[in-house]
Amino acid sequence: MRYELRDLAVLKKVMEHPGRGAPYSVRTLAEASDVSRSQVGRLVSGDLPDLPVHEAHRISEALGVAVLVLFMPPSSPS
Numbered sequence: 001m002r003y004e005l006r007d008l009a010v011l012k013k014v015m016e017h018p019g020r021g022a023p024y025s026v027r028t029l030a031e032a033s034d035v036s037r038s039q040v041g042r043l044v045s046g047d048l049p050d051l052p053v054h055e056a057h058r059i060s061e062a063l064g065v066a067v068l069v070l071f072m073p074p075s076s077p078s
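Number 17 in this note's numbering belongs to position 17 of the sequence shown; there are no gaps in the numbering.
Please note that the accuracy of each hint is not assured.
Just the calculated beta-carbon pair ranges, DEER-fashion [stated by the list, open to error]: (1) Arg20 x Met72: 16 to 24 Å; (2) Gly64 x Glu4: 18 to 26 Å; (3) Ser38 x Glu61: 18 to 26 Å; (4) Pro49 x Lys13: 17 to 25 Å; (5) Ser76 x Ser25: 34 to 42 Å.
Hints in this document: simulated from the structure, not taken from any laboratory. Ideal Cβ placement from N, Cα and C applies to all residues, glycine included.
Please put together the full structure from these sequences, using the hints given.
The following block contains the structure:
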């Protein structure tokens, strides 16, 4: 299952002002979330509209926000 990014602007704003510590770059968010740098980069650039559930949770956790702030589950099970 994959979670879709709700709003790219919100992700970028949360990266600039995370719930914990200093702002995140693509590299530092990838390291903190244990999600590949290319995946995070594609997400932040808008080239990747969704992520596997576990990666969405890891990114949200690293940023200090609830997963549903940044991502939404599919509207119907696949």
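Each hint, compared with the structure:
Range check, Arg20 to Met72: about 23 Å between beta-carbon atoms, so the 16 to 24 Å window is met. Between Gly64 and Glu4 the Cβ separation comes to about 21 Å, which falls inside the hinted range of 18 to 26 Å. Distance hint for Ser38 and Glu61: a CB-CB separation of about 20 Å, consistent with the stated range 18 to 26 Å. At roughly 18 Å, the beta-carbon separation of Pro49 and Lys13 lies within the given 17 to 25 Å, and the hint holds.
Separated by about 35 Å at the C-beta atoms, Ser76 and Ser25 satisfy the suggested range of 34 to 42 Å.
Against the hints set out earlier in the document, no violation occurs for any number.
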